[in-house]
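**Student:** Listed below, chain by chain, are the residues.
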Amino acid sequence: MNRAMSLNSVIGNREQLIGARASSWRRMWSRLTKNRKALIGAIMVFLIVFLAVFANWISPYAYQQADFTSLNQGPSLSHILGTDSLGRDLFTRINYGLRSVCIVGFGAEFVELTVGVMVGALAAYKGGWVDNVLMRLVDAVASFPSFLISMILVTMMGRILPVMLLAVAATSWVGMARVVRSQVLRVRQTEYIQAARSMGASSLTIILRYILPNAMGPIVVAVSFGIPANMMAEAGLSLVGLGINPPTPDLGVMISEGQQSIMSYPWQLIGPVGVFIIALLGFTFLGDGLRDMFDTRSRR
Amino acid sequence: MAKGMTIAKSALAALTLTGTLSAFAVTASAAPSSSSGSFSMYIIGDKRGFSPDIYTWSLYADSLGIFEGLVHNSDKGVVPGIATSWSTSKNGKVWTFHLRHNAKFSNGDAVTAQDFVFGFQQAFNPNTAVKDGGGMDATAFLPVVNGVEVAAGTKSPSTLGVKAVNNYTFQIMLTRKDPTLIQDLTLPAMGWAVPLDPKVVNSMSATDWTTPSKIVSDGPYMVSSFTPNTSATLVPNPYYFNKVKLKKITLNYTASSTGLVDFENGALDMAIINPSDIKAVDSNPTLKSELHFFPTAAQYTLDVAPSQNNALLNPLVRKALMMSINRDLISKDVLQGTGTPAYDYMTPTWLDPWIKKNAIPYDPTEAKALLAQAGYPGGKGFPTLSINVGVGSTPDLVAEAIQQMWQQNLGITVKYNGMPASQFYSTYNNPITSGVAFRQNASNVVYPQLELPTSVVAFLNTGVGQDWTAPYLPMNIYTQWQKVIANKSMPPKLQQEQAANILIHNLPKSILQWIRLGVKAYNTNNTALMKQFFYMQEEQVFDLPIYTPLQPVLIRSNVHGYKANSFLLTTPPVWFNDITVS
Amino acid sequence: MFMYIIKRLFYMALAFLLVSIVTFGLMKAAPGTFLINTQMLGGVQAATDLNIPPQLMNSFIKEFHLNSPWYVQYWFYLKGFVTLHFGYSIEYPSLPTMSLIKRTFPLTLGLAFSATVVGTIVSIVLGVIAAVKEHTWVDSTTMFIATLGTAIPSYVTAIVLMLVFGVWWRILPILGFQGIQHYILPVAALVIPVVGSMSRYMRNSLIESLHSDYIVSVYAKGGGMRQAVFGHALRNSLLPLITVVGPQLAGLLMGTVIIENLFGLPGMGQVFANAAQQKDYPLIMVSTLLYAVVIMVMNLLVDLTYGGLDPRIRKIGYVQGR
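Residue numbers (the working numbering), protein chains in the order written: chain U, 1 to 300; chain G, 1 to 582; chain D, 1 to 322.
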């Protein structure tokens, strides 16, 4: 926290406080826009999400529609990223593939966030044996062979989107729980929480209204790194033969198909891999930028 | 029906990894003066070791020159192996083989007629398979006296119709005349018909078959290292009676995502490439000259799946569906030339060219008319049709293509339903609850004479017979039948009788007539009848044959004597010791 | 310290139980009975196993106690693992699982360890270079490449490496395992993402040390950059790096599953991937537990090393917030 803000909180002047908050958001925004990396990252993420969400409208073809007169075509005006071995438009399939990847990436992160926040906040706030039990659980889950557990889940429960999502989230929530816990521990010690507690606010209120908003920074950073990690895990599953069932296009499956045709039709690999890398890089850049923003120590 | 069809479902589903005596030789050359050079090839493998007494992929490697039987295939056709000459009795039922006196196992022991007797008994004895932890050999190609009974466990292995007249004279007693016996002995699935050293084998445990130092074989090569699912190394058998040509053969059981990469990198001298690699190979003159297309005996087929809805039981519907699949386009374009259209489940066109005569042509207009005639004008009212396939890491392109062809040509709703192989097989016999479905099937076939039904009951108890016929039962009867075959507590013999009985009494007449025709052809050894049997299946569209893989194989130009074994989907050489490297 | 180790071992045992319960539960909850899957192993094996004699089937039932209630099955599973009696698996009925692991696991561990070692060394070097040249083009270029490294998954890097070194230049093997040179590309593919994240970590932590008061005093006493970095700051920055190594190794072990498949390496990862696809329950359960134990032991070792080096932690007895 910067000096102006702590001063305000000491004075407790409501208007000033709001003003300071607003200016602090504005400062963050200006920091974000000045941070070129974060900005580029944000643009890339926006682009990827846009393609995924509006795949129906943007895509020139239906994703399953085969055209036996134009198999394995290179990029052209009618197929800007080329076609695959059934003459299906790659751009279209990549858009829909991005949709699956985003659903798993964001969805799993949402699950991780929910579970992680619940466990982390509870542990830190309650402390004592609750903390001890929950953190030992977190340690135990952290020692799970995560990718193997995901593979088992997908094998046992089927290769469909919701399963993939859960399979990816199943073990990765522990990272989030640790981040949340350490943040809550930090914030819990501050004066305003002590004040809120002394005024009789309930635990839930304190966690939701005071602690979490103040612990947000590192959590947001963790989220922006968590999403691409989930996407990688999802594509990784496809590479060991556990990708989403066709006909739903899946970037991982497209990559492993593209890998087989790399020698003859390189665009069948370059397209999906390129877009995938853009997605991953976008989140990484954004996460880096956000970390710089929240992390006052390493600010230049 | 003749057996050997056990490979049926597996082969193609596992994705193109899975044999003629006709000439597909690459080059032939004179033998060098001593063992020299090494050769590294791709072949399908598994992890159960090299026991010839269980039915594994490694059994095929055994048959290519790790073990050597009475005769073997070579780049010059069938040639004498351990037997130097043979004769048949007048009635054709007793075969006498005279063995060479200088054949030795890799431990130095002499190969005698007693070792053949022991080897054959081991293969027929069901306890051997239990001991070695695997499925039983396909012994039924050989109509040897008491063979069926010994394999069923009802007679002792010592009653098997094989005999050592003296140390170097071996006799086989048959239940019926078998004019193709010598040819059949060279089939990969007959890899069990080899001599075994009783001294060694009797003291071996199942694990020992994966331990090279414990494996004793009589072929030109012996196993010197083995990593399950990965690779094996073969080196010359020091006691082999003839010259062994190569210093080392490496069998690679894995390949990276494209065989072309492995070939270019030098990891493999023989690599099966992806269809999508062909364009890259064609653009490189050196590679292009090293590319060969070998026919295979595997047939990619779609079978009717059992369903509440009987839409597919109408022959008109099946014909309409067959007519709207463009098999030429699938072979030439989708598979990029790595397939040839198939017209019947059991008869690949390269082996049985006559089958093409009655082929159902690609004709979408006629198909629409047939569908309308069947009561579904413009596809209206037709139930949702699924194509169930078992797949590996990438989807089944051919099934996806057929899905689009049906949808585009007939206006019906078609679903591609790819499942992991294990799920596909474990739900294989389950009835479809909504709509109708085809399920993918793949065969590894042999000579048409060996594919004929030997009797109605026998046919209805083979995997293939069941796959084809049972879905044509009314659903309530089907579930009865399914209960019987799933009943593990029933004695096998009773179970088979009951299952066959249900089928015989409830199948459509056309199917039973067709099977009886086949039995007649088998009993009379009549070629015209045999052809009629296969034609009839084609006309009735009991299943939808799609394509026969045409394996694109790169073989390094300095490798000579490679004649592909087309009865195996991975098209290894017919005999390891034909291969030389310059 | 002794109490701390005892406590950690106790927690490890609890974690181990949890992993075993979860895997066992998943196997039991899976659709399709064990026996059906045994009959229909799927893939290339289906053919051969359709012929499985009933005797063999019965031996499976006996071996895995399939006719007993679930807790009995669980007990034998756990007992078998702990006493190292892994038995046989369905896919490898003639090869004891123990010897299968002995054949394959060393390769996987070797892959993960060498990737960790190479990754750590390269990361330290790159991190130091970037930190010393803070805010110059050297720093920004190195860090940009590192970011690319973290963002691009190892299986994509692997394909590029295969093409460049295996096909275009043909200087390295890309298939199977016959010698140490077969390790190079797989390790490289695994290392690049590791270097990406660890070198950034190293740089930031070194910069932090370099800006701290005690380093200023080194300069004040007339010490140079070299002395400041190698004499003082580096030591302080290496310590936190150790905490990152543990999780990285766990991540690498998981990465080997895909990499082994790509390069056709006969490691445990490939065995597991096969087992998962074929639903080979006994093999899946044993290998999952094995991986879990390795990861737990690694974490313990890392924590002990860290605790041994950092006096503050030695007292608290637990690494907080990791």
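Among these hints, one or two may not hold up.
20 Å max Cα-Cα, derived EDC-like pairs, lysine to aspartate or glutamate [stated by the list, open to error]:
#1 D/102 / G/46
#2 D/7 / U/131
#3 G/177 / G/149
#4 G/332 / U/139
#5 U/37 / D/134
#6 G/415 / U/67
#7 D/7 / U/139
#8 U/37 / D/139
#9 G/90 / G/208
#10 D/102 / G/208
#11 G/131 / D/139
Reference excerpt, derived from the structure (chain D facing chain G, CB under 10 Å, subset only) [to be verified]:
#12 83
#13 84
#14 88
#15 170
#16 179
#17 180
#18 266
What the hints contain is simulated information worked out from the structure, not anything from laboratory work.
We put the beta carbon where it would ideally sit given N, CA and C, even for glycine.
**Student:** So, for every hint listed, does it hold in this structure?
**Tutor:** Here is what the structure says about each hint:
no. : hint          : in the structure
1   : D/102 / G/46  : holds (18 Å)
2   : D/7 / U/131   : holds (16 Å)
3   : G/177 / G/149 : holds (19 Å)
4   : G/332 / U/139 : violated (56 Å)
5   : U/37 / D/134  : holds (17 Å)
6   : G/415 / U/67  : holds (17 Å)
7   : D/7 / U/139   : holds (13 Å)
8   : U/37 / D/139  : holds (15 Å)
9   : G/90 / G/208  : violated (43 Å)
10  : D/102 / G/208 : holds (16 Å)
11  : G/131 / D/139 : violated (65 Å)
12  : 83            : violated (20 Å)
13  : 84            : violated (17 Å)
14  : 88            : holds (8 Å)
15  : 170           : holds (6 Å)
16  : 179           : violated (12 Å)
17  : 180           : violated (16 Å)
18  : 266           : holds (4 Å)
Of the numbered hints given earlier, the model fails hints 4, 9, 11, 12, 13, 16, 17; all others are met.
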